[in-house]
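Asker: So the chains spell out like this:
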Amino acid sequence: MIINPYIFGGYDADAQAFFTAAGITSVTEKNAYNTFILGLKSNSLYTQQLLLPFLGGTASTHKFNAVNPVDSDAAFRATFGGGWTHSSTGALPNGTNAYADTHMVPSVDMSDSAQHLSIYLRTNTAGALSSDLASYTGAGSNIVQLITKFTDGNIYADMYNNSTNRISLANADTRGFYCLSRESTTSFKLYRNGVQIGTVNTSAVAGRSSCTNNFFFSARSAATFFSNREVAFVSAARSALSDSQNLTYYNLVQALETALGRQI
Amino acid sequence: MGKVIEITEAQALELKGKEYTKDMYFNPVQDEKGRWVISEEEVVQYKKSTYSFIKSAPLREHEAKKEEQIKIVKG
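So the sequences go chain by chain: X and B.
Numbering of the first sequence is given in this note's numbering, commencing with residue 1 and proceeding in unit increments.
Numbering of the second sequence is given in this note's numbering, commencing with residue 1 and proceeding in unit increments.
Hints are computed from structural coordinates only; laboratory data are not their basis.
Please read all numbers here as calculations on a predicted model, not as lab measurements.
Worth double-checking, as some hints may not be accurate.
What the hints assert, rightly or not - Under 8 Å between C-beta atoms, here's a sample of chain X residues computed to sit facing chain B: (1) SER60; (2) ASN94; (3) TYR99; (4) ALA223.
Here a beta-carbon is modelled for each residue, glycine too, at the ideal position from N, C-alpha and C.
Throw the hints in and build the complete structure from the sequences for me.
Answerer: Shown next as C-alpha cells:
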C-alpha cells in the first residue's frame, strides 16, 4: 500500500511556513514544493536569500519569497509593475512595461566571492532589448545582468563588471534554467540547464559596491529592457555552486517544474 | 510588441505606483516618441473607477525606445 506522507500535514516546516503565508492550497503544488525543499536540504543547497517558486497562480502568491515569506520589501518580496499575466505556469511579463523588483541590492545583499542567481524561463523569443535579471545603475560598467537573447542573438551575462567579467555567446533558444555563479572574486560562470556554457576569470570585486540599484527580473529597471519571457522560478544565494552542485540544483528545479506540469 | 494606450504626463504621474489590481502596480513608460503609455494588461485588469480615463483611450501598437539602450548594453 502506498501512503502519501503529506496527507497528515507532514510538510517541511519551512515549506509549510511559505504555504501558510502565501495561501497555497493545491496539494499538487504543496507536494511538489515540499519534495523540492527536502531535496535542497539533503544536498546542502538550501542557502537561498531569495526563492520565488511561482505557486498559486496570482501576483498575491507569486510575490512571496519562500525562504522568508514575510509580506515586506525587507523580506525580498517581489513587486510587480506594469503588465503581467499570472497563472499556474508562472508569471508572464508583457515586454512593454512589466518589471519585478525583488528589493535586493547587490552592493548590500550580494557577495564578491560566492553568489549565484538563477531564473527559469518558459518562453522562446526572438532577440530583443530585454533583460531577464538585472541591477543597473545607469552609468559605467557596474552591472548585474542576464539577457538571454539580445538583438544580435547572443546571451549577455554580467556579474559586477561588464568590461572585464562579461560572458557572451550565441543562444538559439531562450527557454531553460539559467544560473549565474560567482565561485570566487576571479571566477564567474554561466550555466544553462545544469551545464556550464561560459566562464571568465578576471577580478570584478570593485564593481559590486557600485551596483546600488535594486535587483529586478524581467526588466533592467522600471523603465527599460522589458522582457516577454514567462518566468517560473527565480533564486539568489550568497553561496557558490560547483559544476556538480549546479547540475544537482538544475535537476531539483526541473523535477519541481515537471511535478507542476510546466517544465521545459 | 504589445498594445498600449496613450496618457498625459500628468496622468502618468498620477498612475505611477498605484495598484491596478491586487499586488500589481501601474507603470507608465515613455515610448520612442516620448509619449506616455500604459499597457493593455493594466487597462484590462483595472476594475475600479478612480482612473476611469484609461478605459476610454484607444489601444494602439507600442513603439519601444531603442537607440540609447543599445549603447548601454554594450558597455
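Asker: All hints are to be evaluated individually against the structure, with a verdict given for each.
Answerer: Evaluated hints:
1. SER60: holds, 5 Å
2. ASN94: With a closest approach of 5 Å, the ASN94(X) hint holds.
3. TYR99: Since the shortest Cβ distance to chain B is 7 Å, the answer is holds.
4. ALA223: holds, 6 Å
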